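A.B. asks: Residues per chain are reported as follows:
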Amino acid sequence: MFPRRCRIMSTDSTMRATINQKLTEMGERDRLKAFLGVKLTECGWKDQIKAHCKEVIKDKGLEHVTVEDLVVEITPKGRALVPDSVKKELLQRIRAFLAQHAT
Amino acid sequence: MKMDDLSLSGPDNTKLEALVHDIYSELVEDACLGLCFEVHRAVKQGCFFLDEMDQESMKEFEIVDKPGVDIFGQVYNQWKNKECECPNCKRLIAASRFAPHLEKCLGMGRNSSRIANRRLATNNNMSKSESDQEDNDDLNDNDWSYGAEKKAKKRKSDKNQTSPRRSKSLKHKNGELSSGASAEPYKYNYSVGINYETLGPEELRSLLTTQCGVISEHTKKMCTRSQRCPQHTDEQRKAVRVFLLGPSALSLPNADAAVESDGYSVLDGQGLMSRLQWEDSPENSPTDSASSKSSTNHLDSRKPKKKKSAPAPFSGGGGDGPQGSGCQGSGCQGGGGGSSCSQGNIGSSNKKKRPKLPTVSIPTLYNDLN
Chain A
1 MFPRRCRIMS
11 TDSTMRATIN
21 QKLTEMGERD
31 RLKAFLGVKL
41 TECGWKDQIK
51 AHCKEVIKDK
61 GLEHVTVEDL
71 VVEITPKGRA
81 LVPDSVKKEL
91 LQRIRAFLAQ
101 HAT
Chain B
104 MKMDDLSLSG
114 PDNTKLEALV
124 HDIYSELVED
134 ACLGLCFEVH
144 RAVKQGCFFL
154 DEMDQESMKE
164 FEIVDKPGVD
174 IFGQVYNQWK
184 NKECECPNCK
194 RLIAASRFAP
204 HLEKCLGMGR
214 NSSRIANRRL
224 ATNNNMSKSE
234 SDQEDNDDLN
244 DNDWSYGAEK
254 KAKKRKSDKN
264 QTSPRRSKSL
274 KHKNGELSSG
284 ASAEPYKYNY
294 SVGINYETLG
304 PEELRSLLTT
314 QCGVISEHTK
324 KMCTRSQRCP
334 QHTDEQRKAV
344 RVFLLGPSAL
354 SLPNADAAVE
364 SDGYSVLDGQ
374 GLMSRLQWED
384 SPENSPTDSA
394 SSKSSTNHLD
404 SRKPKKKKSA
414 PAPFSGGGGD
424 GPQGSGCQGS
434 GCQGGGGGSS
444 CSQGNIGSSN
454 KKKRPKLPTV
464 SIPTLYNDLN
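These protein sequences, in sequence, are chains A and B. So in the working numbering, spot 35 of the first sequence is number 35, and the numbers just go up one at a time. Count along the second sequence from 1, then add 103; that gives the number in the working numbering.
To be clear, the hints were calculated from the coordinates, so they are not data collected in a lab. Be careful, since some hints might not be right.
[Unchecked claim] For lysine to aspartate or glutamate, the following EDC-like pairs were computed, each having C-alpha atoms within a straight-line distance of at most 16 Å: (1) Lys-50(A) <-> Asp-125(B); (2) Lys-58(A) <-> Glu-155(B); (3) Lys-87(A) <-> Glu-155(B); (4) Lys-60(A) <-> Glu-73(A); (5) Lys-50(A) <-> Glu-155(B); (6) Lys-58(A) <-> Glu-42(A); (7) Lys-147(B) <-> Glu-63(A); (8) Lys-46(A) <-> Asp-133(B); (9) Lys-46(A) <-> Asp-125(B); (10) Lys-87(A) <-> Glu-129(B).
Predicted model only: the values in this text are computed from it and were never measured.
This is chain A alone, in the form it adopts within the complex:
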């Protein structure tokens, strides 16, 4: 089992690396990032997260809040609060890119 898994893993990782590379090189990653930013702002996700940030800051105190604090508190909530429509659209775009360039 192990050698086979290794082989699968290695091909997987190579494939992943290749795809990631392609994503970045062709500018698709940046485009996707921009797209996501726009969509999240539109749907009010950013404002929600900022409001949450305020609460965290008020909890922790204005002077002593660190980046780590914020990240730890906010990332799970951020991930959960992304609306379904935005998630679906993004997944679709990624799939389309992969379909074009993976094989």
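Chain A is fixed; fit chain B onto it per the hints.
C.D. replies: Leaving out everything else, chain B in the frame of chain A:
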């Protein structure tokens, strides 16, 4: 690496889906992190809580959420029902109609001056029969624009009328009224006539059988319109004939008779037309003022297209009922110019041709017509 349970079948697809989801998670985390950095930087720089510092101003500018009011608390149709009293006419006008009402009431503003000018123009057009020497071009502009054009071009002429010189002269003309001025929209209301002194008795007679011939007091010219010209009465025509040809020549040929006698009218018509053509154009320049010439050029430049359509409507509008229909039926032929047309129409159609192309010879002129 997780192998998620996905709807797609086959190991490759699941792998791909996993990859897709991984990429997605990466992107979302990037967005979150970016936001965190931004917030942290704002906090450390002290600009994160700027809009929450002052409780008083916050309460002052809070969003209002009551019915009938906008988010600022203002009633949005407050001025709809209000009425204002016009300082000029002392009437109560609705607020939204107040500005246009003032414009008309006080007589200022673009629209009101335009309307007033147009009204002046139509009044002058109807009341004016002959033209003064100096005011000729103003009047002729008036006539031409009113007669032959649609409103769009009429407005253009109205614009010309707003210069102080013209408006003054237009006002002066209001006093002169012609007898029997009708409201018919004449296509070509050209009123330059013929000087009777230069014509011999034979020519005079032939002229008088086809044209109105009434001599204008101001210009001493004979009216070149048809026998049924509405600006002059039959009595006037009789008087002119008596004056010019002596009391024996009291035959004022009937309009109908002219139509039927096509045969005799052919030659006369041609000769007449040629003479009229040449007589009129030289007379235009020296005797009439330079302004009338400019008015003909004015017409020239303005409506070269209208020529073709002119004959049919003009014959109708020239005031000759039966003649007009006769001309249309047979169709104005080219060459000598309307050989089958009745004399009245020949004169009238000639009149129409003249201002447009004073320099072109007759045959070509009528070829153009057809």
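A.B. asks: Against the structure, test the hints numbered earlier, and report the numbers of the ones violated in rising order.
C.D. replies: 1, 3, 6 and 9
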